[in-house]
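Asks: One line per chain: the protein sequences are A and B, in this order.
Letter by letter, the first sequence follows residues 1 to 286 in this note's numbering.
Letter by letter, the second sequence follows residues 1001 to 1332 in this note's numbering.
No wet-lab data here; the hints were simulated from the structure.
No experiment lies behind these values; they were computed from the predicted model shown.
For every residue, glycine included, the Cβ atom is placed at its ideal position computed from N, Cα and C.
Hints are not guaranteed to be accurate.
Derived contacts from chain B toward chain A, CB cut-off under 8 angstroms, selection only [said to hold, decoys possible]:
1. Leu1050
2. Val1054
3. Thr1068
4. Pro1072
5. Ala1073
6. Ile1077
7. Pro1088
8. His1089
9. Phe1098
10. Arg1103
11. Ala1106
12. Tyr1222
Dumping the calculated SDA-like pairs for lysine to any residue here, alpha-carbon to alpha-carbon at most 25 angstroms [stated by the list, open to error]:
13. A:Lys195 - B:Gly1314
14. A:Lys195 - B:Leu1299
15. B:Lys1129 - A:Phe91
16. A:Lys195 - B:Gln1082
17. A:Lys195 - B:Gln1133
18. A:Lys195 - B:Glu1138
19. A:Lys195 - B:Leu1127
20. A:Lys195 - B:Ala1166
21. B:Lys1129 - A:Leu116
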Amino acid sequence: MTRSPVFETFRYAAILLALAITLVPIIWMTSMAFKPVSEWQATGADLTWIPKRPTFENFRYLFGQSETTLIVALERTATKPILASLLSAGFGTLIAMGAGTAAAYGLSRFGSGGNLPLALIQLRLFPPMAVMIPVMMMWAFLSLMDTWWGLALIYGIVTLPFAFWLMKTFFDEMPREIEEAALVEGCTRLRVFLKITLPMMRAPLASATLFVFILNWSDYLIALLLTTRQWVTIPVYMSSLASSMTGQLYGAKAALGLIAAVPPVILGIMIQRHLVRGLTFGALKQ
Amino acid sequence: MAEITFRNVTKRYGDTLAVDDTSFTVADNEFFCLFGPPLSGKTTILRLILGLEVPDEGDILIDGRSVTRIGPAARNIAMVFQNLALFPHMTAEQNIRFPLAERRMAEAQIRARLADAAGKLHIGHILHKFPAQLSGGERQRVAIARALVRDPVAYLMDDPISALDARLREEARVELKRMQREAGRTLIYVTHDQEEAMSVADRMAILEHGRIRQVGAPVALYDGPASAYVAGLLGSPAINLLPPGLLPGARGDAVQVGVRPEDVTVTPGEGAVVTGVEPLGGYTVLTIEAEGQTLRAMLRGQPAYAPGQNVAIGADPGRMHFFGPGGDRLAG
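Please take these sequences and the hints and turn them into a complete structure.
Replies: Here it is, written out as structure tokens:
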């Protein structure tokens, strides 16, 4: 099929627009992260796309190595918020994927927990805000306030429905004969799951894990309500990068944003191979 | 080395009766075919034998011992699934090794068995490939090798060669029959192809709606169908089921008279008209209309009949099958 030049022009215009919408903020953030104060505070004609005097000053500032060019000294460095984000999002993802995968497998294969799908959907219908006040009280009672493990627990609970629904779809799609073949060949149920089902589910597990991790990683609201000082996460910490004297510290925020983008990107690259792979790739006759 | 017996087995899925109060025995070393239209319960019977399904009523015995409550792993039966069910994340070799490795067999022994099975099925050159990289026929061979490689008491196969084209299928079924003889094991084989069933089976069971209608040697079923249903399933072209008045010599109390196309005699004359001629070389199939009925006749060679020609039809009463009300064969 040959397309008309008009159509092609529109097509490329649409692609360029989409690219601009997604990439320009990232480019701007990257550029800003390497600008000295004078440049990221610049307005109007002084705006530059590429830093004239690139510097690591913003990064040094975040980690308390600054030579005071940013006027205010930091109350605390970015090290611990980064750690808090990694721990809470990481373990939260583990909880959601572990419980979600187990529940999805049980429901898909044995029909156990018949009301679970609906119950989990209802959990998602609540805006998190609606339940956060009770959760705060419970967490306070359980001494889980301002801890990364308390945060990981609520992240695991909030993203559990996503993990469950994604994995259930994948389990439902897997032909039951493959597991039955393994049963007939002498496996126990547990061995079937470990030797056949899980390896076949690598690709779906990888993509669901990435999805859930990004949800947890980018949370702001829950962390804002459940942490105060010790274990604030990157998004909460980022909002504190301002002062009455200097206003918003955009350079430092951009540098932190750049750092925050690293884990999802690394995770994405690590599992990229699985993301593009098909599910059953030719086990069956069809 | 296994005799498999069903004793009044019933299996329901919700309101559907998949297997309805069924009893039969498959003898040791027998090539036994389950044959019937789709959804007649063939696959469910295999799943019951494997232990993947538990019967709602009745008992399943292997060598006289009830296995009704025993899990699939302990029954030691090998299965080739209809969709083959190869493990997609394992190479052909790993697939075939799997049943042996699961039974903790010694590596040397595994290798010997693997080489043996690969040799029998001519798949030595594709062992390193993944199922996705294999053709349909190759996958089929790998699946059969995975079943052959261990030493089960019986093999079950659910239409394993249906994906092959007609020519390869003919070769494959001869090969299967030979392998079953060499292995000296019971083989229960599901197929929906009557020619395939008749050509390989020692005995076959004809199913309808979860019930076994008749069991016997293929030729015995062909020559002595217990009902019009069984008669209609076997033979190609299908048997002519006609009202009793159409052919001279039919019993008066019959509701239907069955005549195989090869038993219809056609002579120049009156009473019927040829409406179609299919010359097949060795045989010619005529479609004939008589008194508003359509029937088929299969004649040897290439007789010179043309559409529109008037003919007389008949049949040897000794070759006719008489069915009473409800389609059951009349006694005598």
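Asks: Which hint numbers doesn't this structure obey?
Replies: Of the numbered hints, 2, 3, 11, 12, 13, 14, 15, 20, 21 do not hold.
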